[in-house]
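Taken in order, these protein sequences are the chains called A and B.
The first sequence begins at 859 in our numbering and counts up one residue at a time.
The second sequence begins at 56 in our numbering and counts up one residue at a time.
Hints may contain errors.
To be verified - These stretches of chain A come out as covered by chain B in the derived footprint (C-beta under 8 angstroms, 3 or more residues):
#1 946-952
#2 960-971
#3 1116-1128
#4 1171-1181
#5 1210-1222
Calculated from the structure, these hints are not laboratory results.
Just so you know, even glycine gets a beta-carbon here, dropped at the ideal spot from N, CA and C.
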Amino acid sequence: MTRIRATARAADKNTPAGGAVQLLRVPALEIRQGPTRRLYTFAIDGKKVPQFAAVSRVRRDEQKQLHGYQRPEVLNHVAAIRRYIESDDNPLLPNAIVIAFDERVKFVPATTPGNEPEGTGYVRTGTLQVPINHLWEDVDKPGFIVDGQQRCAAIRDASVDAFPICVTAFITGEHADQRSQFILVNSTKPLPKGLIHELLPTASGALPTPLRVRQLPATVLERLNYDERSPLQHMIQTPTNPTGVIKDNSVLKMVENSISDGVLYRFRGDDALPNVGLMFTVLANFWTAVRDVFGEEAWNKPPRKSRLMHGAGVISMGFLMDAIADHHGPGEDLPDANEFAAALKTVKDDCRWTGGTWDFGDGVVWRWNDIQNTPRDIQRVTDFLLGRYRASLTTGNGRKAKRRR
Amino acid sequence: MKFFFPDSQDQVDPSFDFITEERDPFRVRQRDDLYAHEVLQPAPFDGLLVSKAIVDGTAAASTGKYTVAQRHRLYRQGAQAFFRLNTGSTQLKIMGDCGAFSYVNEEYPPYTVDEVIDFYDGCGFDYGIAVDHVIFQYEPTVVRTDPRAAEWVRRQEITLTLAADFWKRCSARDVHFTPVGVAQGWSPESYADAITTLQRIGYKRIALGGMVPLKTYEILACLRAIDNVRNRNTQLHLLGVSRYEDIPTFTSHGVTSFDSTSPFRQAFKDDKDNYYTPKRNYIALRVPQVDGNAKLKKRIQSGEIQQDQALRLERTALQLLRQYDTGQVDADPVLEALQAYSAVWDGKSDRTAQYRQTLEDRPWRTCGCTICGTVGVEVIIFRGSERNKRRGFHNLYVFGQRLRAQLGKDDS
Ligand SMILES: [Zn+2]
Chain A
859 MTRIRATARA ADKNTPAGGA VQLLRVPALE IRQGPTRRLY TFAIDGKKVP
909 QFAAVSRVRR DEQKQLHGYQ RPEVLNHVAA IRRYIESDDN PLLPNAIVIA
959 FDERVKFVPA TTPGNEPEGT GYVRTGTLQV PINHLWEDVD KPGFIVDGQQ
1009 RCAAIRDASV DAFPICVTAF ITGEHADQRS QFILVNSTKP LPKGLIHELL
1059 PTASGALPTP LRVRQLPATV LERLNYDERS PLQHMIQTPT NPTGVIKDNS
1109 VLKMVENSIS DGVLYRFRGD DALPNVGLMF TVLANFWTAV RDVFGEEAWN
1159 KPPRKSRLMH GAGVISMGFL MDAIADHHGP GEDLPDANEF AAALKTVKDD
1209 CRWTGGTWDF GDGVVWRWND IQNTPRDIQR VTDFLLGRYR ASLTTGNGRK
1259 AKRRR
Chain B
56 MKFFFPDSQD QVDPSFDFIT EERDPFRVRQ RDDLYAHEVL QPAPFDGLLV
106 SKAIVDGTAA ASTGKYTVAQ RHRLYRQGAQ AFFRLNTGST QLKIMGDCGA
156 FSYVNEEYPP YTVDEVIDFY DGCGFDYGIA VDHVIFQYEP TVVRTDPRAA
206 EWVRRQEITL TLAADFWKRC SARDVHFTPV GVAQGWSPES YADAITTLQR
256 IGYKRIALGG MVPLKTYEIL ACLRAIDNVR NRNTQLHLLG VSRYEDIPTF
306 TSHGVTSFDS TSPFRQAFKD DKDNYYTPKR NYIALRVPQV DGNAKLKKRI
356 QSGEIQQDQA LRLERTALQL LRQYDTGQVD ADPVLEALQA YSAVWDGKSD
406 RTAQYRQTLE DRPWRTCGCT ICGTVGVEVI IFRGSERNKR RGFHNLYVFG
456 QRLRAQLGKD DS
């Protein structure tokens, strides 16, 4: 239905049926970019954007002709931005929304002296005149949102009275032109994960939820990599520490496992902030013990020379840390490096980090460098280490395991 | 009679906000969530059935329902602490099994007897079911020597051999759980044969497997055949059978426990019996998330349906339901809104008549469980796992009530 009316109207865009067309006048800058390209930049209340600009949803008509170019709103992304606008007491959305206008929109330069393109060569002030009509449906509106549909939807839904935003606009009669601009602004490469993780500890405020959750592990990792009391100082490979031997991801995984289900959970701070200091202490104690027990041969070597520095080694040792700490006692009663070392010695002789073969008891010969950084291999090594450790508790050094009932 | 609920990592998140549909982003799964036995008083079951396949995965599907970190915490801290069994008023038991349905298509069970004992003892379970191999078919007239029975005989023999081995290894290893044998069969006689062998091995507790698809009279036929060979002190467990009307009858045949997920799963799997009350079941009111309904999502992505239109219909339906609950509107506009939205995401069924009964009877108002008391009308909305699982918990509560009534237990 909408489609038919839109086609009929395309012939006579200036006189849509019903209701008088009003002109929205906004102060704007015109910037000359290419030989015939003009960009317009202005500010407007985000709540007013739907009056003159729509999102052009991609679809095909009965003849399989392509219309529009946008995907649907990503609802949880919209909700995250809305939450930010509503709950932050000082919200900031610095990126401009990009809008493509059709030729019904006009720029009228101001007639003040010195406001000629020749003056600065590329910029002049003026007023952008945008036709609006409350009866128009989306396809009748003169503007299409090329970039920023999630932000516009969030401002539209947010329970705030107004939220001024920056808009960058251009005028074109060509849908193909809009489409290529849309592809251009949306095909940029996202930041590499490692860089994001490295920036996280010192970022605050407007972060999407998954990154806020990663902030704590990333902060703990930073302490491990840069605190001079850390046995892992400068050993974790990040964009600014490319010579580190342990992949940042392996350490993040180890820390995250322990925060969700291991000893670090005790310090996540239910009502207060997480205690990063205590998290660091227990990790430093443990990895100091690992360094002392397994010695130089396996320590600070690239993973291809030592599986202890490999994802499988780091993550499985993390589970062993949790097991030793749990056995030691609850709350803030933590093993020191010597106590961790005593426990690690019970599994030391069974480990093959740098040579030889593991005996997992499955009848298969696992050469030390057969172990890969896969969930299956990590599970294999972890089960083996924990099994050995548990066995040592029931038989070894006179201590009897605490029975659970 | 003890009712065990099979664990499948089903908890609810207490931080979930029904209006904004958001949760505390820092919530840790399982640890900060609540089990049915933590939410409901009294606990709606006597224990949990925890299966190795769900915790550890099988070789074919290496990932269980547990994360590696959760799995290690279960082994480390034991079932008592992990499932928080003593937080409620009732002390719950844990029964372990292998999850034979997950490897029903394999030639042979994928676990060794020692691995399974490690699992039960390592986690500190109360009962441990021997390794078994399910027989799906029920053919009461087919005898053991019939060529059609070859595969069933093979599976029964595997199960009995493993049961003998399990018993021997449990005694040698001095385990802390009670070993439970499994009888698999395809007919009353074959079940009875299995019981005879298991009793000879030494089992005093025996689980009956493969009975999930059986009709009540078929189960009873098996129980009667078993009666002829059963020692007086042998206790039976029915795996996956939950007909509370028949439970008193089962009791007279030596059944002392059973397990079932169906009260829970019907909340979001059944076509109409989604919400239990002591007298009857009701259909839940379907308002799927625009984002959570695969068919609707595809139609929106293809441009066939406008996203904002779908969102508007969804929000209107939710809003009217809440207004109905507070007495601001009648049932009719609510039913119209549900139907208007249904036309977009479903388009086939018209459930208006059933919905009207649910709405007009307002069963959530009279339910005494904590879930209904806390979340009100949200419990009856078929939408997302936080609502659906809460309704499942409520059903467990009602199932517990029905069961106690059947057994003549006082429910004060
Ligand atoms: Zn209830």
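Against the structure, the hints come out as follows:
no.	hint	verdict
1	946-952	violated (count 0)
2	960-971	violated (count 0)
3	1116-1128	holds (count 7)
4	1171-1181	holds (count 3)
5	1210-1222	violated (count 0)
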